Amino acid sequence: MLRVELDILKKWITPNSRVLDLGCGDGALLHSLKESHGIEGYGLEIDPEGITACIQRGVNVIETDINKGLGHFSDDSFDTVVMTNSLQALLRPDRTIEEMLRIGKECVVTFPNFGNIKALAYLYIKGRMPVTRQLSYQWYDTPNIHFCTVKDFETLCREKRIRIIDRATVASQTPGRQLQVIWPNLFAETAIYYLSK
Amino acid sequence: MYNTAPMNNRFPADSVGLVKPQVFHFEEPLELSCGRVLPHFQLMVETYGELNRAASNAVLICHALSGHHHAAGYHNPDDKKPGWWDTYIGPGKPIDTNRFFVVALNNIGGCHGSTGPCTPNPATGQLWGPDFPPLRARDWVHSQARLAAKLGIGQWAAVIGGSLGGMNAMRWALEYPDRVRHCVVIASAMKLSAQNIAFNEIARRAIKSDPAFHDGHYLNHDTLPRNGLALARMIGHVTYLSDELMGTRFGRELRHGTFERGLEVPVEFQVESYLRHQGDSFSEIFDANTYLLMTKLLDYFDLAREYGNDPVAAFRHAQSKFLVISFTSDWRFSPQRSREIVDALIAANRDVVYANIESDLGHDAFLLPNPRYQAVFKSYMDNVATEAMHLLRAD
Numbered sequence: 013m014l015r016v017e018l019d020i021l022k023k024w025i026t027p028n029s030r031v032l033d034l035g036c037g038d039g040a041l042l043h044s045l046k047e048s049h050g051i052e053g054y055g056l057e058i059d060p061e062g063i064t065a066c067i068q069r070g071v072n073v074i075e076t077d078i079n080k081g082l083g084h085f086s087d088d089s090f091d092t093v094v095m096t097n098s099l100q101a102l103l104r105p106d107r108t109i110e111e112m113l114r115i116g117k118e119c120v121v122t123f124p125n126f127g128n129i130k131a132l133a134y135l136y137i138k139g140r141m142p143v144t145r146q147l148s149y150q151w152y153d154t155p156n157i158h159f160c161t162v163k164d165f166e167t168l169c170r171e172k173r174i175r176i177i178d179r180a181t182v183a184s185q186t187p188g189r190q191l192q193v194i195w196p197n198l199f200a201e202t203a204i205y206y207l208s209k
Numbered sequence: 126m127y128n129t130a131p132m133n134n135r136f137p138a139d140s141v142g143l144v145k146p147q148v149f150h151f152e153e154p155l156e157l158s159c160g161r162v163l164p165h166f167q168l169m170v171e172t173y174g175e176l177n178r179a180a181s182n183a184v185l186i187c188h189a190l191s192g193h194h195h196a197a198g199y200h201n202p203d204d205k206k207p208g209w210w211d212t213y214i215g216p217g218k219p220i221d222t223n224r225f226f227v228v229a230l231n232n233i234g235g236c237h238g239s240t241g242p243c244t245p246n247p248a249t250g251q252l253w254g255p256d257f258p259p260l261r262a263r264d265w266v267h268s269q270a271r272l273a274a275k276l277g278i279g280q281w282a283a284v285i286g287g288s289l290g291g292m293n294a295m296r297w298a299l300e301y302p303d304r305v306r307h308c309v310v311i312a313s314a315m316k317l318s319a320q321n322i323a324f325n326e327i328a329r330r331a332i333k334s335d336p337a338f339h340d341g342h343y344l345n346h347d348t349l350p351r352n353g354l355a356l357a358r359m360i361g362h363v364t365y366l367s368d369e370l371m372g373t374r375f376g377r378e379l380r381h382g383t384f385e386r387g388l389e390v391p392v393e394f395q396v397e398s399y400l401r402h403q404g405d406s407f408s409e410i411f412d413a414n415t416y417l418l419m420t421k422l423l424d425y426f427d428l429a430r431e432y433g434n435d436p437v438a439a440f441r442h443a444q445s446k447f448l449v450i451s452f453t454s455d456w457r458f459s460p461q462r463s464r465e466i467v468d469a470l471i472a473a474n475r476d477v478v479y480a481n482i483e484s485d486l487g488h489d490a491f492l493l494p495n496p497r498y499q500a501v502f503k504s505y506m507d508n509v510a511t512e513a514m515h516l517l518r519a520d
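Residue numbers (the numbering used here), protein chains in the order written: chain A, 13 to 209; chain B, 126 to 520.
Keep in mind that the hints were calculated from the coordinates and are not lab data.
Remember, it's a predicted structure, so these values are computed and weren't measured experimentally.
One or more of the hints may lead you astray.
[To be verified] Far from chain B, some chain A residues (derived; all Cβ distances over 12 Å):
{"id": "1", "residue": "L32"}
{"id": "2", "residue": "A40"}
{"id": "3", "residue": "Y54"}
{"id": "4", "residue": "R69"}
{"id": "5", "residue": "G70"}
{"id": "6", "residue": "N79"}
{"id": "7", "residue": "Q150"}
{"id": "8", "residue": "L191"}
{"id": "9", "residue": "S208"}
[Said to hold, decoys possible] Simulated pairs of lysine to aspartate or glutamate, DMTMM-like, Cα-Cα distance not exceeding 25 Å:
{"id": "10", "chain 1": "B", "residue 1": "K503", "chain 2": "A", "residue 2": "D164"}
{"id": "11", "chain 1": "A", "residue 1": "K130", "chain 2": "A", "residue 2": "E111"}
{"id": "12", "chain 1": "A", "residue 1": "K80", "chain 2": "B", "residue 2": "E465"}
{"id": "13", "chain 1": "A", "residue 1": "K172", "chain 2": "A", "residue 2": "D153"}
{"id": "14", "chain 1": "A", "residue 1": "K80", "chain 2": "B", "residue 2": "D507"}
{"id": "15", "chain 1": "A", "residue 1": "K209", "chain 2": "A", "residue 2": "D19"}
{"id": "16", "chain 1": "A", "residue 1": "K117", "chain 2": "A", "residue 2": "D153"}
{"id": "17", "chain 1": "A", "residue 1": "K80", "chain 2": "B", "residue 2": "D476"}
{"id": "18", "chain 1": "A", "residue 1": "K209", "chain 2": "A", "residue 2": "E166"}
{"id": "19", "chain 1": "A", "residue 1": "K209", "chain 2": "A", "residue 2": "E61"}
{"id": "20", "chain 1": "A", "residue 1": "K138", "chain 2": "A", "residue 2": "E166"}
{"id": "21", "chain 1": "A", "residue 1": "K117", "chain 2": "B", "residue 2": "D340"}
{"id": "22", "chain 1": "A", "residue 1": "K117", "chain 2": "B", "residue 2": "E465"}
{"id": "23", "chain 1": "A", "residue 1": "K46", "chain 2": "B", "residue 2": "D476"}
{"id": "24", "chain 1": "A", "residue 1": "K46", "chain 2": "B", "residue 2": "E483"}
[Claimed, not checked] The following label-pair restraints were derived from C-beta to C-beta distances:
{"id": "25", "chain 1": "B", "residue 1": "Y399", "chain 2": "A", "residue 2": "Q150", "range": "45 to 53 Å"}
{"id": "26", "chain 1": "B", "residue 1": "G433", "chain 2": "A", "residue 2": "K22", "range": "48 to 56 Å"}
{"id": "27", "chain 1": "B", "residue 1": "E397", "chain 2": "A", "residue 2": "D59", "range": "38 to 46 Å"}
{"id": "28", "chain 1": "B", "residue 1": "R271", "chain 2": "A", "residue 2": "I58", "range": "41 to 49 Å"}
{"id": "29", "chain 1": "A", "residue 1": "E47", "chain 2": "B", "residue 2": "A274", "range": "36 to 44 Å"}
Backbone N, C-alpha and C fix where the C-beta goes; we use that ideal spot for every residue, glycine too.
Using the sequences and the hints, build the whole thing.
Below, the structure is given as structure tokens:
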């Protein structure tokens, strides 16, 4: 997760709140939020190495297959449910987002924007599925099975009547960094959404 | 103070080496949950490693149904097998005896030297036998608290247990919240399922139906209900293994005989011979009354019963952090049971780590080597040890 993404996300987290992180990886985000915001955090992860890394960091990690549902968490049991860079790897991202909004009062979702001009150019000029630093897998071995664009995501929010409290987009290099403010769908590399019911 | 015998270099480098059990006597009466009182009692104990000056590095090992105080190391240089949890206790192991002072005991009601059915009832001078009072996990906790006091341990760095031992550990976290920093619950449950109780009842019936049982007074008749106890163990043993494991380990291999046409010879499958051996050897070393007592203790355990049947309310009383581990092929204490513990802990806002370890070894997986289980357990315990060291420095 880029520094700039983390800074944006942190603005939307209430100090001393309860945070659930879906696909928490090595626990770096929860650890950082605990230090800066004093949160009571729990992370869900399925990768054994990620789980061990979380334990070493002293992060509360719960081995969970998010695709099997989150039925064991009760409604509104967390202040914020966060999911960074995992949306595209889920079997049914729409269902997971509904679950997140059921469990949390608010949600933060980040995902790589597949409408990004670099991805488009890769596909259009090379005629092949984009392989970039951020999306470094081949089409056949990628865990990322549900790519979407900024527009796709907002369409889903509209259809599901999800409230977008705030939105931010991130691009790592110029001129994308300036242009993504005007044309996020084309220039944002990562989209960050702050949502509620 | 309570140090172990020096390392014997004939043992593996990561073994605690030769160890010696000690008996601790407690002269103050112990009031039990059933209302009866043990006027005094004794515990058979082993310790490994050294207690630090601040007594911040003590770890309590809670045994399972047929366990005892001999958790690690060897009693004799010729012992073929080390203690029952030697894979996880020793220098450099998850429960690292270079860093922790490890306390393992045989619980009251047991049959390995602690006060139980095989020790004398002070009121009659006869062995307790079937008249030993029924016990609950909290009775174990209270007797273990006496032991902690005697060893100079005000707060455990961790209370650790698998299966029934996990229930014992959770009860510690609720009975003495400020005396447990970490609670490690492995392959356990907040209460047994009906299926689990059913298996235990079959085991009890097997013991009681043995003509040599004599209503539990077999020792007065100079006999043992060997067949009944062996059968009880065979039933239990099957439920501790998984179908896959039995398939790969034994399959349909024959130990004796053949199915060839025209030959009439007795046939014995490998699995039959294995199970019979397990049952027979167990029936020589374990006490039938203890088996009855412990299976009942298991059946009666219900973590949240006295907290309005609400596990979340129960865990709100805990102050410790929790590590919960389950094994994918364990159907006696399934991952689902562990997940219920975890969900209640999260709802109660308690710190918890949960790992569901891939294994085809069934319930017994908690005793056996497994790289991922070891990694998870060791990573967690390393942090517990570091914390214990900080407390020592702050002392």
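Over 12 Å to the closest beta carbon of chain B is the bar; see if Q150(A) clears it. holds, 26 Å
Satisfaction of hint between D476(B) and K46(A), Cα-Cα up to 25 Å: holds, 13 Å
Is the gap between the beta carbons of E47(A) and A274(B) within 36 to 44 Å? Distance hint for E47(A), A274(B) holds at roughly 38 Å.
Within 25 Å, alpha carbon to alpha carbon, are K138(A) and E166(A)? Cα-Cα ~28 Å, so violated.
Minimum C-beta separation from Y54(A) to chain B exceeding 12 Å: can you confirm that? Answer for Y54(A): violated, closest chain B Cβ roughly 6 Å.
Does the no-contact call for N79(A) survive, Cβ to all of chain B over 12 Å? Holds, since 15 Å exceeds 12 Å.
Would you check the hint for K209(A) and D19(A), treating anything up to 25 Å between C-alpha atoms as holding? Given that 25 Å is the threshold and the Cα spacing comes to 24 Å, the pair holds.
Does the Cβ-Cβ separation between Y399(B) and Q150(A) fall within 45 to 53 Å? Given about 48 Å between the Cβ atoms, the range holds.
Pairwise hint evaluation, E465(B) against K117(A), where the allowed Cα distance is 25 Å at most: holds, 23 Å
Between the alpha carbons of K130(A) and E111(A), is the straight-line distance 25 Å or under? violated, 32 Å
Determine whether the Cβ-Cβ distance between R271(B) and I58(A) falls within the hinted range of 41 to 49 Å. holds, 43 Å
Just to be careful, I want the Cα atoms of K503(B) and D164(A) compared with a cutoff of 25 Å; is the pair within it? This hinted pair is violated, its Cα atoms lying about 44 Å apart.
Checked against the numbered hints above, the structure breaks hints 1, 3, 4, 5, 10, 11, 13, 14, 16, 19, 20, 21, 24 and 26 and satisfies the rest.
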